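Colleague: Following the hints, position chain B against chain A.
Going down the list, the sequences are from chains A and B. Per my numbering, residue 1 is the first one in the first sequence, and the count goes up by one each step. Per my numbering, residue 1001 is the first one in the second sequence, and the count goes up by one each step.
Note that these hints are calculated values from the structure, not bench results. Computed from a prediction, not measured in an experiment: that's the story for all the values here. No residue lacks a Cβ here, since even glycine has one placed at the ideal position from N, Cα and C. A hint or two may mislead.
Derived DEER-like restraints, expressed as beta-carbon distance ranges [unchecked claim]:
{"hint": "1", "chain 1": "A", "residue 1": "Thr3", "chain 2": "B", "residue 2": "Phe1077", "range": "53 to 63 angstroms"}
{"hint": "2", "chain 1": "A", "residue 1": "Ser72", "chain 2": "B", "residue 2": "Thr1053", "range": "20 to 30 angstroms"}
{"hint": "3", "chain 1": "B", "residue 1": "Val1071", "chain 2": "A", "residue 2": "Gly94", "range": "27 to 37 angstroms"}
{"hint": "4", "chain 1": "A", "residue 1": "Ala85", "chain 2": "B", "residue 2": "Val1071", "range": "24 to 34 angstroms"}
{"hint": "5", "chain 1": "B", "residue 1": "Gln1073", "chain 2": "A", "residue 2": "Asn15", "range": "32 to 42 angstroms"}
So, partial list: chain B residues that the calculated Cβ filter (under 7 angstroms) puts toward chain A [as the list claims (entries may be wrong)]:
{"hint": "6", "residue": "Thr1008"}
{"hint": "7", "residue": "Gly1010"}
{"hint": "8", "residue": "Val1047"}
{"hint": "9", "residue": "Val1051"}
{"hint": "10", "residue": "Thr1053"}
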Amino acid sequence: MFTISKLASLTSVSNDTLRYYEQEGLIEPAGKSAAGYRLYDTDSARRIRFIRHAQNCGFTLAEIRELLALRSRDKACCGDVRTRAVEKKLQIEGKIRAMKAMSKALDQLIAECANEKQPVNECTIIAALERAAVSTPVQ
Amino acid sequence: MKIEIFYTPGCFECDAAHAKLRKVAQESVKDLQWRELNVLDDLDYAVELGVLTLPSIAVDGELVFTSMPTVMQLCVFRGIVSTDFTAS
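Bound-form chain A, shown alone (with noise of 0.2 angstroms):
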């Protein structure tokens, strides 16, 4: 059993981000010690693992709390968690897709602007954003 400053240092994850995850109910103590301190067992460390991985293919915290549930549930099979990994796929893609549209929108405003030396009141970036603005009023 460990404290929360060992799993925090086994887990590479610090000792506020484990305290979130418990207020959060990703994780909880196995136990208390005889001082009253709250233990951890290797399963929190496992789920701890779990959680970070998920995080960096871009899971939200809420969505993990459902795959760890998926996780211990009898009748859940491979492929409750494979749809999640694919709707997470589609996600990431339309926030790519998004992306790269403002990044085109981008390289036509810097292609417009031509001279970087003219005074800020003949910028065409700020001109070509105020145009944008009346046409497309803000929702």
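Modeller: Leaving out everything else, chain B in the frame of chain A:
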């Protein structure tokens, strides 16, 4: 009418629901184009339509259902049956 179902293989419930929907649509709609698309094989098209959850259904190139509809929901959407019928 073109109906496209985006799915990911391995879901037995989805397979059963696809078959049921397909049967009803084929019986009810003339000139039906029915496509079942493995989302990983048609990822760009799925992203273009805005598919984020599975299964999703597009009708005539427009994302309409973001979860598996019942046969009745699909029918009502395209006017295959009237809403009066569903109320009775």
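Colleague: Each of the hints needs a verdict: does it hold here or not?
Modeller: Comparing the hints with the structure gives:
Range check, A:Thr3 to B:Phe1077: about 58 angstroms between beta-carbon atoms, so the 53 to 63 angstroms window is met. About 23 angstroms separates the C-beta atoms of A:Ser72 and B:Thr1053, a value consistent with the hinted range of 20 to 30 angstroms. In this structure, B:Val1071 and A:Gly94 meet the distance hint of 27 to 37 angstroms, their C-beta atoms being roughly 29 angstroms apart. Between A:Ala85 and B:Val1071 the Cβ separation comes to about 29 angstroms, which falls inside the hinted range of 24 to 34 angstroms.
As the Cβ distance of B:Gln1073 to A:Asn15 is approximately 50 angstroms, the hint placing it in 32 to 42 angstroms is violated. With a cut of 7 angstroms, the hint placing B:Thr1008 at the interface with chain A holds, because the nearest CB-to-CB distance is about 5 angstroms. Satisfaction of the interface hint for B:Gly1010 is found here, the shortest Cβ-Cβ separation to chain A being roughly 3 angstroms, below the 7 angstroms cut-off. Interface restraint check: B:Val1047 against chain A, minimum CB-CB distance 5 angstroms, threshold 7 angstroms, status holds.
Given hint, B:Val1051 at the interface with chain A, holds; its Cβ is 6 angstroms from that chain's nearest Cβ, closer than 7 angstroms. At its closest, the beta carbon of B:Thr1053 sits 6 angstroms from a beta carbon of chain A; the interface hint therefore holds under the 7 angstroms criterion.
Going down the numbered hints, you'll see the structure goes against just number 5.
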